[in-house]
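There are 4 protein chains.
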Amino acid sequence: MLDALFRTDAIRAVFSDRGRLQGMLDFEAALARAAARAGLIPQAAVAPIESQCHADLYDMELLARAAEAAGNTAIPVVKALTSHVESRDPGAARHVHWGATSQDAMDTGLVLQLRAALALVEADLDALSDSLARLADGHRNTVMAGRTWLQHAVPTTFGLRAAGWLSSIERHRRRLREIRPRVLVLQLGGAAGTLGAMGDRGMEVAAAVAADLGLSLPDMPWHTQRDRVAEVATTLGLLTGSLGKIARDVSLSMQTEVGEASEPAGGGRGGSSSMPHKRNPVSAAVVLAAAARVPGLVSVMLAAMVQEHERGLGNWHAEWETLPEICMLAAGALAQVRRIADGLEVDAARMREAIDLTRGLMLAEAVSMALAPKLGRKLAHQLVERACAVAAKGGQSLREALLADAQVTAHLATAELDRALDPRNALGCTDALIDAVLAEHGGGARR
Amino acid sequence: MLDALFRTDAIRAVFSDRGRLQGMLDFEAALARAAARAGLIPQAAVAPIESQCHADLYDMELLARAAEAAGNTAIPVVKALTSHVESRDPGAARHVHWGATSQDAMDTGLVLQLRAALALVEADLDALSDSLARLADGHRNTVMAGRTWLQHAVPTTFGLRAAGWLSSIERHRRRLREIRPRVLVLQLGGAAGTLGAMGDRGMEVAAAVAADLGLSLPDMPWHTQRDRVAEVATTLGLLTGSLGKIARDVSLSMQTEVGEASEPAGGGRGGSSSMPHKRNPVSAAVVLAAAARVPGLVSVMLAAMVQEHERGLGNWHAEWETLPEICMLAAGALAQVRRIADGLEVDAARMREAIDLTRGLMLAEAVSMALAPKLGRKLAHQLVERACAVAAKGGQSLREALLADAQVTAHLATAELDRALDPRNALGCTDALIDAVLAEHGGGARR
Amino acid sequence: MLDALFRTDAIRAVFSDRGRLQGMLDFEAALARAAARAGLIPQAAVAPIESQCHADLYDMELLARAAEAAGNTAIPVVKALTSHVESRDPGAARHVHWGATSQDAMDTGLVLQLRAALALVEADLDALSDSLARLADGHRNTVMAGRTWLQHAVPTTFGLRAAGWLSSIERHRRRLREIRPRVLVLQLGGAAGTLGAMGDRGMEVAAAVAADLGLSLPDMPWHTQRDRVAEVATTLGLLTGSLGKIARDVSLSMQTEVGEASEPAGGGRGGSSSMPHKRNPVSAAVVLAAAARVPGLVSVMLAAMVQEHERGLGNWHAEWETLPEICMLAAGALAQVRRIADGLEVDAARMREAIDLTRGLMLAEAVSMALAPKLGRKLAHQLVERACAVAAKGGQSLREALLADAQVTAHLATAELDRALDPRNALGCTDALIDAVLAEHGGGARR
Amino acid sequence: MLDALFRTDAIRAVFSDRGRLQGMLDFEAALARAAARAGLIPQAAVAPIESQCHADLYDMELLARAAEAAGNTAIPVVKALTSHVESRDPGAARHVHWGATSQDAMDTGLVLQLRAALALVEADLDALSDSLARLADGHRNTVMAGRTWLQHAVPTTFGLRAAGWLSSIERHRRRLREIRPRVLVLQLGGAAGTLGAMGDRGMEVAAAVAADLGLSLPDMPWHTQRDRVAEVATTLGLLTGSLGKIARDVSLSMQTEVGEASEPAGGGRGGSSSMPHKRNPVSAAVVLAAAARVPGLVSVMLAAMVQEHERGLGNWHAEWETLPEICMLAAGALAQVRRIADGLEVDAARMREAIDLTRGLMLAEAVSMALAPKLGRKLAHQLVERACAVAAKGGQSLREALLADAQVTAHLATAELDRALDPRNALGCTDALIDAVLAEHGGGARR
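Protein chains in written order, with my numbering: chain D, 51 to 497; chain A, 51 to 497; chain C, 51 to 497; chain G, 51 to 497.
What the hints contain is simulated information worked out from the structure, not anything from laboratory work.
Some hints could be false.
Any copy, or any two copies together, can satisfy a pair, since identical chains are not distinguished.
[Claimed, not checked] Below are the EDC-like pairs computed for lysine to aspartate or glutamate, each with C-alpha atoms no more than 20 Å apart in a straight line:
no., residue 1, residue 2
1, Lys-129, Glu-435
2, Lys-424, Asp-455
3, Lys-129, Asp-139
4, Lys-443, Asp-406
5, Lys-443, Asp-397
6, Lys-129, Asp-67
7, Lys-428, Asp-139
Being a predicted model, the structure only gives us computed values, none of them experimental.
Full structure from sequences and hints, please.
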């Protein structure tokens, strides 16, 4: 019942049993074409094989049962394909899966699924980065309390916070581009990765299958060199971490006491009939769950890299459900963050008000800097520190404490003091930093 | 397609959507009975509610969709139940889920699933321990090369190795007994764990629901105290590690060069038509995969324990699919190890032969001990070391090298030497150790 | 520089190089005594060996260098011990480490360290549980907003929250008691776990060494059955998760906007001179860091259980630094939580005020229950829901909205309404639940 | 005692307390220079500050103690630096750490450490890839049994296996190049990442500090956007996985029954005086331990990415020891794999002999292909399968079984059969694949 909560329909389709099967069948069809072109199998065998390379022709439940006995999915798939072809063209049946090994079909099928998955992720990342850019740019003047260690620190803008989110997303887009040539590659090596059953035509066949499927040709088979697929896991692991950070920020902003920003509520989402004051951060919860789960799954992929000899035992098997799970959870989290970013309800007034919660103490440093040219840095600091101590005890605001100090008022007019106490004047480089991130975004969009 | 490879049908049924739903409905029915008994809801509401607490009455797909919007599974289930009851008895419908919160239904439903899962695991553990006890006892005289760091060390017996496996299984059985009172408990607390909506009848209702479901009553609700369920994860994590150890040993024993023991091959399992010499350790692969996957999942459960306030955000959600997955992978691995243990093919002759691979060097210590009473410990050691050096270079066996040394033959008759070189005389306490483990097993069986 | 931040001095001493060395030396001394008693080595060899079994006699740096070449710590330690004994009594030197293997010394030494570590942990847990019991009991009337999903839900008491913390701690105390007999056991098996070098005296020697060291005698050596030590990891992993939960609650309570409870600040801890309004939750940070780190380390221990044959390669090595790290981080976190619990500053007034943040909506259910006997449950619910909608929009409190509704005031006097709106009357069973937890605590203290 | 076993001296120096301190001090010195150039602090303050930015001037133990109270390392370092400067030039002391926050110093210091660490790793990777290239090229004719699922499959060459190792290393070299611009960046943002205390000169100062330290200037501060540092963890996690794969292969090759390749033994490494036949794979053990440990640590880094607001609580702290640990374990494992690759002892004769262990069955497919042109593919397959069945039962080799079959000998002369049974003729594309990997290596070397 939880599939649809944590995963989008699109990504579930990619990693469905059907998606897995079709990936393997696409490999088998391309292999038949390439082997025939290289003269390894008769050209006449191609069409009968191709005609059976459609997932809809197969009984998933039967294949699943057979996979249990065989120990992998390719063996029953090749058997079923062979038997399907045989019933139409017995001669062609003997040329199914020619020269390949189970892992060739499974890994190449996986790569085809990964290609589809990464395309979905990248499209959502593009859209998300646009939304975040709008938030960063649109809220460059939305002053808010910067928070460190869950405590108010000094003023910032909500635009800069959104720019921080965006900055990480731009890097993730770049990472995904960088891993493509390593990940979107053919797997074809035969039983021990030598292409031994193809005599001297192996390289030619491999190149042809790769071209046929639109994949790159790797330097050599990678049956037990799993860094290629493990890198998909780590890259999506990094992405999910950044998504979790966004969700954490939003969920903290939605706290009853804070109320500065809320994920969109449309369609009764997150509402509670018995507690009408609640607005549950449903999307954030899903993202945080993914961010909590994916790291453990990534560690499985990394630990499973220690694979034996020419094809591994057990550790390869450990990947089979783990990598799809990572892809699905990451894509699901990404879709929820898009939803959050697209519809985020920002309460700029409440953000501004929060700054006053600490009675002006957030601006202490700014006042100190205003006094320094007149009193010297040391004395300025001492006066402000004294006023802070008064204000921190409660009762008075920093402004009141400062105005009550003759040494201060002797050198700083009330207007000057108020300028120093205005958080808009304590924002440092937020604008320039937002611009720098937006420039990255613009550049990314053009790539 | 991989579900059935990694999981048994029985455990999949427990953690199916249907199993999850029925767990929640069982909770709702028991709650209705208890609330009526306590006078919180009319007695007349009970039967209409009970009548709808059957999973088969519901459309799983609809519930899954609704869970996506609601953010959990209990909200749509309670809504659907309410609506079902309403269409039969509108008055009763208003008493559905009385005083409870979503998490009460979800957690108690989970506990009911865990109870079924642990029962399956314990039954398989009982059977496995019997099989291992047979192996340990039956092979107490099956001499084999003890191996450390993947190298031959000194002789042992296959019986002792099996006793080592058994020893861990006995401890796991005990652990599972120990966690029962902490895990098999009711969850019922209402919105913030105070039983607030039940006035002063909360404790009474909770006790009644627990008794009704055959669960223990915990000291207080544990909505954000997750050590109870996390302990299921760690306990099964420990178990899966021990299962992985057995599978690792068996798969190494099946190596072409070793061939000392094989998992059963029945039904074409693990065979390869194109490579007839292969006998793939299919069961071991599944177990090793589980042992590689479960640790990462356990880490997720532990990290997710940091839950906020009265009910957590995101980290609770991280448990929902993770704990069932751990249970399923552990149970699946256990079933495969049972299959291995029940049908293990032990080649005692090959085990004995392997000892000679190092030309007797494994017995060097034994010879040294035989010589010591006659030559003094120091000289005995030196003579044997010298003979070992000769033998290690190849060409000669340790026996030949020793017989060629006049200092040795002067003090040790050939028969004495041969007795020292017989691995059966170098087994130390293997028998007593096996007996000690079997005593644990016998004790365990009686508990 | 971070050692002292994350770990106590006491636990660092246990797991220092010196602690590790002394553990091995204690084993060697006990082994010499037992072997002499069994007649395997001369009684005269015992005293010279014992005399050198003191860590202070050795050069740590030299041992560390030698460990690098040897691949473990026991080989250089045994060599150094032998050489020390030799310089005093050459004859005795030949009886050092008699019949044992490196892992015997390392594992038994580890168990001795674990015994010391668990004693420290248990002592801190005892003290922590007392502190938490005081908080639970002392704040049973401190009303606060119960929070779910980081949102205000319904009223609870701070006492119940503390009782929840205590409840988990009581279970951890019990777990630590349960694992003792499995963990605090001797390791002694010789090269392949057969006690082969001790002829028929192995069992006698093992029993004597165990008794000498105050450890239990296991059924058999557990060189590659690592569930015993892995269980220390999982048990402390569970504990650290619960500690993290406490720290998370406290750190959220310390937020500038919340300010309901603070960890003690003594000694300038957590202060910031440039931001005087800040009170950084330093202890909570350390605990949360541990709770984030330990799960990954536990997964390493679990994955490392898959050890080969009679002694494993690489996976055993993976334990060496990992388990001490888990112990140290858990003990360090525990000490910080003790500090938090001992000195927690609770602001009961602010807790009470927070309830009004939602203008009374938290009490909606209570009002509904007050109206039901007079208006029927359905109408009561509708009226309250309407008033809630008014209040949720802002401007009015729920009280005002209800008082403005003639249907409500016709049936409910203002005093009755105010009673319903008083959170103290909506606490359900908090007192009884606290009592139940305190009873567990009392029981635990007596055990 | 284990530090030196798992880590090189060089990498330990980088991540020593001294290395950590010097990184922060380098930041402080560069900041002073840049702030003075921007007119934010007096030029005269620079030299006094610079003069105290040397780690040797400080008492590590005192700093460690202070870090425990402060909750991080930068606060005591800045205090100590300020106090040192003050005793020389009180005026200058007030300009220490101007406008920066603790995390600026700690993160930039970390980046400087990472730069040194990555340089060490890259240098070792360069050397390792050269060694592996030599193995791949030099053993292109060293025929060996390809193994899948720990079983003999079909022939391959040791050169191709080494090429597989090399292929992954080349990709890791590329990954390390790709992450440089994201990782080797300045951290400078002040209390909330706005550079607020620098007024309008923040961007200028940041650019100057970055240039001074030879780091890139990031788009904005990344205090809570941790993908930059987490990516170091994942990249080294991938590397360690590939190193573990090499170590696993080597350790399996060193098994007593296999003996095809051994890590170098120089300096008594891995020897055992009591078991002279043993040659323990000490280096492999260290690498496998790292490969088992790093994945869990990577998961910690990924989980810790969910950091709050402008600066995180607890999760940032979780990085502090974890990332250095990953770097050290990866570098340590890499050094050991270099040692293995540089000195690997390959026993080509034993590799060749192993092929005959299965009595020629590994060549069944090759024979089938030789017969096919004469008998048709189907009949050829049947005849060979029959002969395999005979050979698999034992007693006869495949060659003998084939020669005993008149149908076979009628179509295949003995010389033809022997050609088909020669594994050198069944190697498929091993040469071309090795060449493809070597071309990658050559290209990588030129980059």
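Going through the hints against the structure:
For the homomeric pair Lys-129 and Glu-435, the shortest alpha-carbon distance between copies (18 Å) is at most 20 Å, but the shortest distance inside one copy (80 Å) is not. For a Cα distance limit of 20 Å, the shortest separation of Lys-424 from Asp-455 inside one copy, 15 Å, qualifies, whereas the shortest one across copies, 62 Å, does not. Taking CA atoms no more than 20 Å apart as the test, Lys-129 paired with Asp-139 passes inside one copy only; the shortest distance there is 15 Å, against 55 Å between copies. For a Cα distance limit of 20 Å, the shortest separation of Lys-443 from Asp-406 inside one copy, 15 Å, qualifies, whereas the shortest one across copies, 24 Å, does not.
With identical chains, the CA atoms of Lys-443 and Asp-397 are at most 20 Å apart between copies only, with a shortest distance of 15 Å across copies and 29 Å within one. In this homomeric assembly, Lys-129 and Asp-67 come within 20 Å of each other (Cα to Cα) only inside a single copy, at 17 Å, whereas the closest approach across copies is 31 Å. In this homomeric assembly, Lys-428 and Asp-139 come within 20 Å of each other (Cα to Cα) only across copies, at 14 Å, whereas the closest approach inside a single copy is 94 Å.
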